[in-house]
Every structure is written in structure tokens, then in C-alpha cells.
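Engineer: These are the residues of each chain, in order.
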Amino acid sequence: MKVVEVRGLTKKYGKKTAISNLSFEVNEGELFGFIGPDGAGKTTLFRILTTLLLPNSGSAKILGKDVVKDYKYLRNHIGYMPGRFSLYMDLTVEENLRFFASIFNTTIEENYQLVKDIYSQIEPFKKRRAGQLSGGMKQKLALSCALIHKPRLLVLDEPTTGVDAVSRKEFWEMLKRLKEQGITIIVSTPYMDEAVLCDRIAFIQNGSILDINTPAGIISGYKKKLFSIETMRKYNVIKILETYEYKDSVFPFGDSIHYTDKRESINSEILIDYLHSTGINDCSVSEIESGIEDVFMSLIKEGTDGQ
Amino acid sequence: MDNNHKVIEVTDLTKKFGNFTAVSQITFDVNEGEIFGFLGANGAGKTTAMKMLTGLLSPTSGKAKVAGFDVYKQSEQIKKHIGYMSQKFSLYEDLTIVENISFYAGIYGLTDEQISEKTNFLLKKLDLEKSRNELIKSLPLGWKQKLAFSVAIIHDPGIVFLDEPTGGVDPITRRQFWNLIYEASENKKTIFVTTHYMDEAEYCDRISIMVDGKIEALDSPVNLKEKYYCKSINEVFIHLARKNKNQ
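First to last, the sequence lines map onto chains F and X.
With the numbering used here applied, the first sequence closes on residue 307, and no number is skipped along the way.
With the numbering used here applied, the second sequence closes on residue 247, and no number is skipped along the way.
For lysine to aspartate or glutamate, the following EDC-like pairs were computed, each having C-alpha atoms within a straight-line distance of at most 16 Å: (1) 137(X) with 38(F); (2) 223(F) with 293(F); (3) 225(X) with 255(F); (4) 234(F) with 205(X); (5) 65(X) with 76(X); (6) 126(F) with 94(F); (7) 301(F) with 242(F); (8) 176(F) with 30(F); (9) 65(X) with 9(X); (10) 65(F) with 25(F); (11) 169(F) with 235(X); (12) 126(F) with 109(F); (13) 239(F) with 186(X); (14) 223(F) with 289(F); (15) 225(X) with 235(X); (16) 231(X) with 255(F); (17) 137(X) with 99(X); (18) 234(F) with 183(X); (19) 2(F) with 25(F); (20) 2(F) with 28(F); (21) 116(F) with 94(F); (22) 144(X) with 38(F); (23) 80(X) with 156(X); (24) 239(F) with 183(X); (25) 231(X) with 230(F); (26) 234(F) with 186(X); (27) 247(F) with 302(F); (28) 214(X) with 12(X); (29) 179(F) with 28(F); (30) 247(F) with 264(F); (31) 6(X) with 32(X).
Covered by chain X, according to a simulated footprint, are these stretches of chain F (three or more residues, beta-carbon under 8 Å): (32) 31–43; (33) 131–140; (34) 241–253; (35) 291–301.
Everything labelled a hint here was simulated from the structure, so no lab data went into it.
It should be emphasised that the depicted structure is a prediction, and the values quoted were computed from it without experimental measurement.
Where is the CB? At the ideal position from N, CA and C, for every residue including glycine.
So here's chain F without its partners, still in its complex pose (with noise of 0.2 Å):
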């Protein structure tokens, strides 16, 4: 069954385009991801599929209803976190908790079950104001307070943003056993390395979708030969391949740097044999698998480059 079903959706702010003639589909119990950068438009689209926000055109379909006519259906269906966790500051933890869930005619006791696994992490401090945790705690407050009504549909809008890499991959531990339990989940990203935590991603940048796919079919898509160098001496290597007249692309990469090449016949051979002509002698390069990050610079620069 298809949770969400989007055909051709658009929206406009004046005269900027928001999300442009967007269309996908989420299956249920899927982890569904979107990888893209501010400003992308990801926000947007998660406030439409909330039902937040009317879209100029298209349709956006939830459990198999519309999202503007049906929307106060949806809001009891659809558990939504939106980035800057939307909490009550002067509020405790559990004050904010119970608020969510009275909104929805629940209570925290009816669903606990849902809620223990994160929210027994905060529980011991109860009766702190949400203003005084810190982010780490937010986070799971807010993901609890999404919860607390049973929804079929979470929408997590940047969750771990400005989170520390610790507490990020407790997040993501989270939502693999929220997953098991059933609730299709639609998450929103910045960083690359969480793609491949998801079923499927789309990769979003200036309101369009570049690709839709497993992480592994975003990887197979990619067709270039990529080499990884390794040298001491990176940002004068990086200078030295920038001017390079058969560069496709070079780019810093944690300890090394990525490169490809104009040539179908290129080897590491011959780009050796180059930096050594320049001068760079403590070099060493392989050819290497591309990564999720490999595939979606080279979309946006494929993007921008036709412009």
C-alpha cells in the first residue's frame, strides 16, 4: 500500500518556486529520506504533506486521502516534527508530553508503549522546563510528543540538525526500531551519511527532485571513474587538479580528496605521472567506489553546469 502518493506538486512564494512539479510515492512501513540542502525546498513539501500549507498545484495523497480536503482526518494520522522542535519552553517534559497528547484525546498512559523506548530516557527529568534540556533531549521530547498520538505517518523535518555525531546515530537507532514497528517514516537531512540509513532516498536541490532510488541504486547509478588521493600536501594538490585541463571534478574528502576525469582512459598511473610533473612527490592514487556523497555532488554539478 502507498502512504503517500504526490503527482505534480508545486508551490509558489510570489514569484520564487518553492517545490517544482514534484512527484513520488511512499510505501508503507518504508523509512523514506530526503537528502538535500536549506533552501532545497524540503520544508516546504513536509508542510504540505501535513497539511500545513496549501500547494499552488498538484496533489499530495495520505493514507489514500487528499491532503486539502481531508486534512483534519490526516492531522490525526500524521505525527509531524518540524525542525527547532516545536515545544513549549516554559512547559516540563512531561507538562509538553501531556499537552500533545490531550490535543489528540489520548493520553500519555494509553500509548506509553509507543513512547517508552525514547521517552524513558527523559523521564527521570519530568519535571525540568523543556527550555532547560539540552539538544540531544529536545530531540527525543520532540520525536515523543509526535508520537504520543499513534500516528501511521511520522514527518521528521531535520532532526539532526546541529545534533553531534553521538547523539545522531542514537537517533537513527530510534528510528529503525520505530520502523519495525510499523510507521512509515519520511525524514529530511543535510548529511550524506545518513542516506544510506534509509529504504529509499530522493535527493532534492532547488525545489526538484535530481534521483529517486535505494541507496544502492543511487550508488550503481554512478558511471565515472573516481579516484581517491591521498597526500600530505591536500590544498596544493586540490589548486594544482583545479587547473588541470582533463579535471571533471575535484573535491576535498574527509582525509583524502576525490577526483574525476574528463578520459575514458584514465588510470591512477597517469594522474600520478601528472602530480609528479607538478612537483607533488608524496602522493598515492587509487580508483575507488563512489559513495553516496560522490553521486550527489555530481548531480548538482551536472545541474548547475547546464544552466
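Guided by the hints, dock chain X onto chain F, whose structure is given.
Structural biologist: Quick look at chain X alone, frame taken from chain F:
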């Protein structure tokens, strides 16, 4: 590069808020022209430490000198000799590009002549000449960040503090931003940067990892990975931050 020239010297720096010790006896030096990554989990004390180093918060105890000035007695001098950029506070959205540049240049005491010279130089360098009279809020985030960085060093400070400068941008823009950082470092500017992107930590000359107010590790990325038998700084970070959490 003159490795012995220290532009930040910190000894046993501590900050307490009531009974809570936010920063506990941290000690480290940063060399001129170095890119120094200041990592830590949320709530580990990074922001508090950074506020002390930028002259915004007085320490409880310990010593620190930034650009040769004492954090207790010469905080106003420190502010004049450093640049600061954060993702949360940078440019005025309702002012144009040119207005933002003049505003910051004015605050840092540049003359009218210097301001007009700097403005033209920056617009050209960032390829923003056509957009000079556009409001900041109409610019893509990536442009804003590059402009914010340039404005933060408009008074040519020796040290720049960058507080999560690259949050939320696409992976290409993020890397272009790092090219600006590398370039500034080549020009002998010292870069003190915080980030949650662990791949960016690998771009730094040295990094420190703060856990619960203390510096748990400090070395070059290569040495840290060797020391903790990890393949990436991400693994090192998770190892250190988790170990502490489970105690």
C-alpha cells in the same frame, strides 16, 4: 610556517556556572596559520570555551591569551584582533550586500576610503558585483556563508573563530567554503573552527575533542586515528564521547 609562534595559549582554563563546571581545566596552544578544529558533543562546553577565548565571558580560573592579549584584562583588545562568524549570527537579512560590508567595516573602524576599497575587492573576489544591492535574505545560503566569512575577516585579524560555519549547505558549497578557510590559512591566518561534520575535522591541521568540559584528545587527525585504532575521525569521536557517556 613558524610553528613556534603561538597565537592562542590556554592553561587550566575553567568556567563554572554555580555548581556546574562547564569547562574544566583545559590546556592547549594554537600556532599561527594553523587550522584548529574544536570538536565536542552538544553540551560538552565548546561554546563556553569559545566565549571565553573571544572575550565575551570571563573565566572562573586558569589563564588564556589570544593574539597576545589576556582574556581577563584585555577582552576589548581581543575583540579587535579576532574575527568571528557563526551560523546563527552573521549578516543582517534586511540590509543589502554592500550595506552589510560597510556596516561591519565601520564597526571595526575602517576609514571610508578603506571601506570602499574593501567593498570592491570583496564583491569581485566573491563574484557578487551584479548582486551588490540585493538584500541578504534573497541570497542562497552558500553565498551568505562565504560573504559572512569575508566580512568576519574584513579588519584583517590574525585569528578567525568559526562556530559551525557550514551547517545546512550542500556538499559542494561546503567544500568551496573550506577552500576559503585553506586560503586564509595560507595567508597566515589562524583558524579556530567548530563543526559537527566529521569529514571536515579531517581537513584540520590539529583537532581537540571535548567531552564533559574536558579535552579528551588533542592531536593531528592522522595521529588520533592511529592512537585509537580508528579508520575515521567520526569513529574516534564516537568512541571518546560514548565511552564517557557509559561511565
